[in-house]
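Trainee: Single-letter residue listing:
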Amino acid sequence: MCKALMTAIAIVTLGACASVRPVSPERLRASEQAVQNATSTGADRDPDGAKYLATARSQLAEGKKLSGSGEPARAEKVLERAEVDARLASAVARENASKADLKQTAEMLKQLQ
Amino acid sequence: MKTRLIPGILLGACAAGCVAERPKELVDAHATYNRVAAGPTATVNPSGLADAKAELDRADKSYEDHKYMQNRDTDFTRDEGYIAMRKAQLAEAEANAMLASREKARLDRDLQAALLRQQAKPAVKADDAAQRLGNMGPVRQDERGTILTLAGSIVFATGQYKLRNESLPKLNQIAVALKDLNGRTFLVEGYTDSTGSDATNLQLSKKRASAVREYLIRQGVPADQIKAKGNGKDRPVASNDTPEGRAENRRVEIIVQPRPS
Numbered sequence: 000m001c002k003a004l005m006t007a008i009a010i011v012t013l014g015a016c017a018s019v020r021p022v023s024p025e026r027l028r029a030s031e032q033a034v035q036n037a038t039s040t041g042a043d044r045d046p047d048g049a050k051y052l053a054t055a056r057s058q059l060a061e062g063k064k065l066s067g068s069g070e071p072a073r074a075e076k077v078l079e080r081a082e083v084d085a086r087l088a089s090a091v092a093r094e095n096a097s098k099a100d101l102k103q104t105a106e107m108l109k110q111l112q
Numbered sequence: 000m001k002t003r004l005i006p007g008i009l010l011g012a013c014a015a016g017c018v019a020e021r022p023k024e025l026v027d028a029h030a031t032y033n034r035v036a037a038g039p040t041a042t043v044n045p046s047g048l049a050d051a052k053a054e055l056d057r058a059d060k061s062y063e064d065h066k067y068m069q070n071r072d073t074d075f076t077r078d079e080g081y082i083a084m085r086k087a088q089l090a091e092a093e094a095n096a097m098l099a100s101r102e103k104a105r106l107d108r109d110l111q112a113a114l115l116r117q118q119a120k121p122a123v124k125a126d127d128a129a130q131r132l133g134n135m136g137p138v139r140q141d142e143r144g145t146i147l148t149l150a151g152s153i154v155f156a157t158g159q160y161k162l163r164n165e166s167l168p169k170l171n172q173i174a175v176a177l178k179d180l181n182g183r184t185f186l187v188e189g190y191t192d193s194t195g196s197d198a199t200n201l202q203l204s205k206k207r208a209s210a211v212r213e214y215l216i217r218q219g220v221p222a223d224q225i226k227a228k229g230n231g232k233d234r235p236v237a238s239n240d241t242p243e244g245r246a247e248n249r250r251v252e253i254i255v256q257p258r259p260s
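Sequence order for the protein chains is A and B.
Start counting the first sequence at 0; every next residue gets the next number (numbering that gives the first Met the number 0).
Start counting the second sequence at 0; every next residue gets the next number (numbering that gives the first Met the number 0).
Calculated directly from the structure, the hints in this document are not laboratory data.
Hints should not be assumed to be uniformly reliable.
30 angstroms max Cα-Cα, derived DSSO-like pairs, lysine-lysine [as the list claims (entries may be wrong)]:
hint	chain 1	residue 1	chain 2	residue 2
1	A	Lys98	B	Lys206
2	A	Lys98	A	Lys50
3	B	Lys161	A	Lys109
4	B	Lys23	A	Lys102
5	B	Lys103	A	Lys50
6	A	Lys98	B	Lys161
7	A	Lys63	B	Lys103
8	A	Lys98	B	Lys228
9	A	Lys64	B	Lys66
10	A	Lys50	B	Lys52
11	B	Lys161	A	Lys64
12	A	Lys98	B	Lys103
13	B	Lys178	A	Lys50
14	A	Lys63	B	Lys23
15	A	Lys63	B	Lys66
16	B	Lys66	B	Lys103
17	B	Lys178	B	Lys226
18	A	Lys50	B	Lys232
19	A	Lys102	B	Lys103
20	B	Lys103	A	Lys109
21	A	Lys102	B	Lys60
22	B	Lys205	B	Lys228
23	B	Lys228	B	Lys178
24	A	Lys109	B	Lys178
25	A	Lys109	A	Lys98
26	B	Lys52	A	Lys98
27	B	Lys206	B	Lys103
28	B	Lys161	B	Lys206
29	A	Lys50	A	Lys64
30	A	Lys98	B	Lys232
31	B	Lys232	A	Lys109
32	B	Lys178	A	Lys98
33	B	Lys161	A	Lys102
34	A	Lys102	B	Lys66
35	A	Lys63	B	Lys52
36	B	Lys228	B	Lys206
37	B	Lys60	A	Lys64
38	A	Lys102	B	Lys232
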């Protein structure tokens with residue numbers, strides 16, 4: 000009787016633990032890394048980059064919150080959104096910088112011709 | 000796409016409310032993907048586009064699998080649609096950056112050729128520093144002297160301080176002009192944009208200014224007449240809030256200092 004009760008308690012406890020299981024560390028790390036990369040490469044300095052990076056940061060925070068409140072499946076998706084937003088922030092900033100460099104070279108060439 | 004929609008529309012008509020509507024994120028993702036796939040990204044960045052397609056297929060499957068469920072949670076389909084759209088935009092931005100870099104590399108070659116042609120022309124003898132240097136790029140005057148500005152992107156690769164080969168013909172010309180200016184002193188100043196830490200910027204601008212100074216000395220400019228200085232992000236010449244402005248701020252200035260009075 001006592002043993003059965005203990006088992007029941009153990010199962011309930013385990014079940015409760017499972018429901019607050021956080022997201023996988025890899026998922027969290029990938030999203031954090033993408034935001035960090037975009038920040039350190041200066042995506043914030045680009046108006047388009049800054050917009051996507053702001054969204055990425057708020058989704059990273061939202062994903063962490065969901066992960067802590069027992070919604071790991073949904074948290075994974077929100078964190079994935081954060082990662083793609085951060086990667087887009089970096090890519091767009093790079094795109095705009097490359098275009099600006101190109102424009103500058105074209106102008107210099109024009110001056111010489 | 001159309002063939003999938005038709006049964007959806009029919010079912011919707013037969014039993015209104017039974018079929019979940021395609022979420023806006025998924026509709027947007029399809030529109031973005033189709034636009035990107037029709038452009039140069041398909042040839043320039045096929046792997047990025049394939050990533051976006053795989054994500055879009057996943058989102059479509061998520062929608063198809065759940066559309067008949069009552070009170071279903073649409074968040075996942077929305078998330079997958081959102082991610083698919085972002086991946087299509089990502090593929091496009093990467094492709095555009097690649098295209099711009101390729102085009103710049105092509106123009107750099109033209110630039111080098113144009114500079115070599117200019118170098119071959121007989122030099123105009125003139126004492127005036129502004130006139131001599133004015134043939135080589137934008138020149139301005141302030142209390143520091145006559146200032147010739149060299150675009151950072153032409154002299155150096157991003158984040159580096161080794162001189163790019165493309166810039167050497169121009170620096171050779173500048174060295175000839177400076178050597179002709181007997182008795183004058185010169186200052187090479189490096190500048191960066193405001194991206195990144197002050198310490199890194201200062202260090203990079205110093206190394207860049209020194210690299211230009213050393214090259215000019217190797218071309219015969221007397222070492223005791225030329226100094227180098229790094230100024231980091233100071234004295235911006237344009238706004239650091241736009242990519243064009245930041246490109247203008249990444250620069251090296253060669254200053255012909257006023258004659259001591």
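Trainee: Could you tell me which of the numbered hints above are not met by this structure, giving the numbers in increasing order?
Mentor: The structure breaks hints 4, 7, 11, 13, 16, 21, 32, 34; every other hint is satisfied.
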